[in-house]
Amino acid sequence: NAGVIQTPRHKVTGKGQEATLWCEPISGHSAVFWYRQTIVQGLEFLTYFRNQAPIDDSGMPKERFSAQMPNQSHSTLKIQSTQPQDSAVYLCASSLERGHTEVFFGKGTRLTVV
Amino acid sequence: GDSVTQTEGLVTLTEGLPVMLNCTYQSTYSPFLFWYVQHLNEAPKLLLKSFTDNKRPEHQGFHATLHKSSSSFHLQKSSAQLSDSALYYCALSDRCNYAQGLTFGLGTRVSVFP
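From first to last, the protein sequence lines stand for chains A and B.
Just so we're aligned, residue 7 is where the first sequence starts under my numbering, counting upward by one.
Just so we're aligned, residue 2 is where the second sequence starts under my numbering, counting upward by one.
No wet-lab data here; the hints were simulated from the structure.
In this text the structure is predicted, and so the values were computed from the model without any measurement.
No residue lacks a Cβ here, since even glycine has one placed at the ideal position from N, Cα and C.
One or more of the hints may lead you astray.
[What the hints assert, rightly or not] Reference excerpt, derived from the structure (chain B facing chain A, CB under 8 Å, subset only): (1) GLU43; (2) ALA44; (3) PRO45; (4) LEU47; (5) TYR90; (6) GLY102; (7) LEU103; (8) PHE105; (9) GLY106; (10) LEU107; (11) GLY108.
Looking at chain A on its own, in the form it has when it is part of the complex:
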């Protein structure tokens, strides 16, 4: 079990460019989450999929951010027209079911917008 795999581990984009982050959840896990991690805000919930269906995107900035889960083995987080304030570590996580079971995190993608 390789755990949750995120690629790339580091990404540098120029202001205004698009960034796509990839996540491969643990096989068999039905819930997939995206979080953003910064020193100031800590771990912020972005969005959640269950059995590939988007369930809750209440944490996603309404403009420029989108997430998809085209199949059970991967999810993507896309940020259009990146801004310096988007610089953060983006963490993907998965779990067997929602709510009270252990959530397993990937190591994250560090996005730097210059």
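Given chain A, work out where chain B should sit, using these hints.
Below, chain B alone, put in the same frame as chain A:
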């Protein structure tokens, strides 16, 4: 809405001394509480989870007690080790509201020195 408060941003201590990290929460319903630990360049990992029967969870020398009267779930260890240097997050999961993911505090960075 749900919230988690960790009052210390940074805790520095000498190896062998006791450590306690504070965590208080607000939740509409009686939640599950968690402690996650993140070592440098690693994924956050579950350290402890509260039990429904109020048993005190323990792992790697750490323990935490859920006090519903004070809405607290402080993390304690009697003797800190160098390897305990990491970022610690307290989190909660609402027992009844499955539409929300884990709500995290801002985190407490622990630095243990020889």
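Cross-check of the supplied hints:
Here the hint on GLU43 (chain B) is kept, as its CB sits about 6 Å from the closest CB of chain A, short of 8 Å. With a cut of 8 Å, the hint placing ALA44 (chain B) at the interface with chain A holds, because the nearest CB-to-CB distance is about 4 Å. The criterion of a C-beta within 8 Å of any C-beta in chain A is met by PRO45 (chain B), whose closest approach is roughly 5 Å, and the hint holds. Contact between LEU47 (chain B) and chain A, as hinted, is supported at the beta carbon level, the nearest pair being about 5 Å apart and thus within 8 Å.
Contact between TYR90 (chain B) and chain A, as hinted, is supported at the beta carbon level, the nearest pair being about 6 Å apart and thus within 8 Å. A hinted interface residue such as GLY102 (chain B) counts as satisfied when its beta carbon comes closer than 8 Å to some beta carbon of chain A; here the least separation is about 5 Å, so the hint holds. Taking 8 Å as the C-beta contact cut-off toward chain A, the hint placing LEU103 (chain B) at the interface holds, the least distance being around 6 Å. For PHE105 (chain B), the suggested interface contact is upheld, since its CB lies about 4 Å from the closest CB of chain A, less than 8 Å.
Checking GLY106 (chain B) against chain A by beta carbon gives a least distance of about 6 Å; that is within 8 Å, so the hint holds. A hinted interface residue such as LEU107 (chain B) counts as satisfied when its beta carbon comes closer than 8 Å to some beta carbon of chain A; here the least separation is about 4 Å, so the hint holds. Annotation: GLY108 (chain B) was flagged as interfacial toward chain A, and the flag holds, the nearest CB pair being 5 Å apart, inside 8 Å.
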